[in-house]
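J.: Chain residues, written in single-letter form:
2 protein chains.
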Amino acid sequence: MTSFGHVTLIGIGLINGSLAKALRARGGVETITACARRPETRERALELGLCDFAVEDPAQAVEGADIVVLGTPPLAMGAVAERMAPGLYPRTIITDVGSMKARIVADVAPHLPDPARFVPGHPVAGTEHSGPDAAFETLFVNRRCVLTPLETADADAVETIRAMWEFTGSSVDLMTPEHHDKVLAITSHLPHLIAYTIVGTVDDLEEQAQTEVFKYAAGGFTDFTRIAGSDPTMWRDVLLGNREAVLEMLGRFSEDLAALQRAIRWGEGDKLFDLFTRTREIRRGVIAAGQSYIRQQDDPLADRP
Amino acid sequence: MTSFGHVTLIGIGLINGSLAKALRARGGVETITACARRPETRERALELGLCDFAVEDPAQAVEGADIVVLGTPPLAMGAVAERMAPGLYPRTIITDVGSMKARIVADVAPHLPDPARFVPGHPVAGTEHSGPDAAFETLFVNRRCVLTPLETADADAVETIRAMWEFTGSSVDLMTPEHHDKVLAITSHLPHLIAYTIVGTVDDLEEQAQTEVFKYAAGGFTDFTRIAGSDPTMWRDVLLGNREAVLEMLGRFSEDLAALQRAIRWGEGDKLFDLFTRTREIRRGVIAAGQSYIRQQDDPLADRP
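Here the protein sequences come in this chain order: A and B.
Just so you know, we're using the working numbering here: the first sequence kicks off at 241 and counts up by one.
Just so you know, we're using the working numbering here: the second sequence kicks off at 241 and counts up by one.
Looking at chain A on its own, in the form it has when it is part of the complex (with noise of 0.2 Å):
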């Protein structure tokens, strides 16, 4: 029976929680102990059976883990791993959720005792919803995450993560930060800064016009405000934190908006008809690579204009 022994769990919000409850609901795990600033996380996260201690000071969480998972807001990481630094045991190993990679790895890796202990990893998987409340058993399965070890490495380490995301039922993927950061600016990054502009631009409009966009959001609208509607703390983090790959990709996607705002203008719709037949192929792309599903011809957040 593979178990991981005793996981604490720094922060207990929707990833941390869901993973205590994965590795809990099939056994792999002796002891978990969680770690939250304000006590009625901690109490919430002992009520949802989360976890077996919750403790508030960092050093004191990680005395015997095995395990340590880094879970706060990513920019709030360093600061942790410095406060729990001393209740590190040697072998120890250390690993994070946060959605952007080399910035974490230059707050955390100085505080460590042993950084070849580290193993920065970021589940791509999760919901709007946040906080131990919206921690669920099957967030991971069939999902991807992404480590991102350094050179130094411990290679036990690795292989320790690597089968912990693995037992949760994610697949597992290899590769520097930098290039993590990379890939997530446009896939993550950028959607969500994207969708919090829209969104925030309506929030502009008058009283009577919202109103309106809300009656008649199902055209498209509705599927950027679920994005929109993901936990600040850790969004304004993660665009800080990635700042210049998702400001490589901004300017980027800002050319191409431009573009197409001066096809509008000037009537050229064999210029947007192309754009949009090549789209559907991408589409095509990200159904077969199994990111997506065919949706039911009956799903209620379907869109049209």
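It does not matter which identical chain is used: a pair holds within one copy or between any two.
Straight-line Cα separation of at most 25 Å, SDA-like style, residue types lysine to any residue; simulated pairs: (1) Lys455 with Asp443; (2) Lys455 with Pro417; (3) Lys455 with Asp444; (4) Lys455 with Leu445; (5) Lys455 with Glu406; (6) Lys511 with Ser494; (7) Lys511 with Ala499; (8) Lys511 with Gly525; (9) Lys511 with Gly491; (10) Lys455 with Gly525; (11) Lys511 with Arg524; (12) Lys455 with Arg492; (13) Lys511 with Arg492; (14) Lys511 with Ala449; (15) Lys455 with Val381; (16) Lys511 with Glu521; (17) Lys455 with Glu368; (18) Lys455 with His369; (19) Lys511 with Glu495; (20) Lys511 with Leu315; (21) Lys511 with Glu446; (22) Lys455 with Asn382.
Worth flagging that the hints you see were computed from the coordinates, not collected in a lab.
The model shown is predicted, which means the values in this text are computed figures rather than measured ones.
Dock chain B against chain A, hints included.
T.: Relative to the frame of chain A, chain B by itself:
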């Protein structure tokens, strides 16, 4: 028993095909004639049972019709109206399902023998699939349909078209074409334009990067590809046909995006956090307006970076 008599569908794709199924399933129609340019479309419409007769010539198709529903690509409707006009009976009611209204009114009305019988419409429902095979009976259930009758419209014509859409399960609102076009520009047209743009941005990446985008699309990109998989001809027409309102909303969006870009560049986390918190409220408004549903936590499309 409600019956709308002889209904002629000009164009028989997702929307008109679904209308045919919805009317048929509830016994709301005596005869359905479909008009399509391509022989294979006419054949398929007959095979699928979407119509009793399938003809090529619009003037022939509308002969004896109580209601004619224009469902061609929006910018083709003017030419189709001109071709069908000689076959129209004086009392035939004409409607359409185009996603922008002012331009369609301007294109179609002048060709009709009696514009008072024209009741422009827009069922705000659909999927990213197109063609007669994509049609299904419940497409309009619990969706909204906007009618934009001219001031000179016959009251009985408006009430008949309202009754037809209510019969399919939709709730019907009346407004001016111009007002419709402004509301839909932000709830539907701009979201589609943006989704097409970002998916196009990915299409311009080198091939290996694209493959990775497909793999990690679950981080948010997937939803955009679905929207950007919609019918190219229709969307070219919608964006060109609602040019002014789309450019106006696009201008606001671009300004807002530039402000966020600047906030990211200069590390202004508070600005990002404030926006991301406001957009959560909009999400709640959309859900409250019943145009969305709270996704189940095991939704395979749920996103997270």
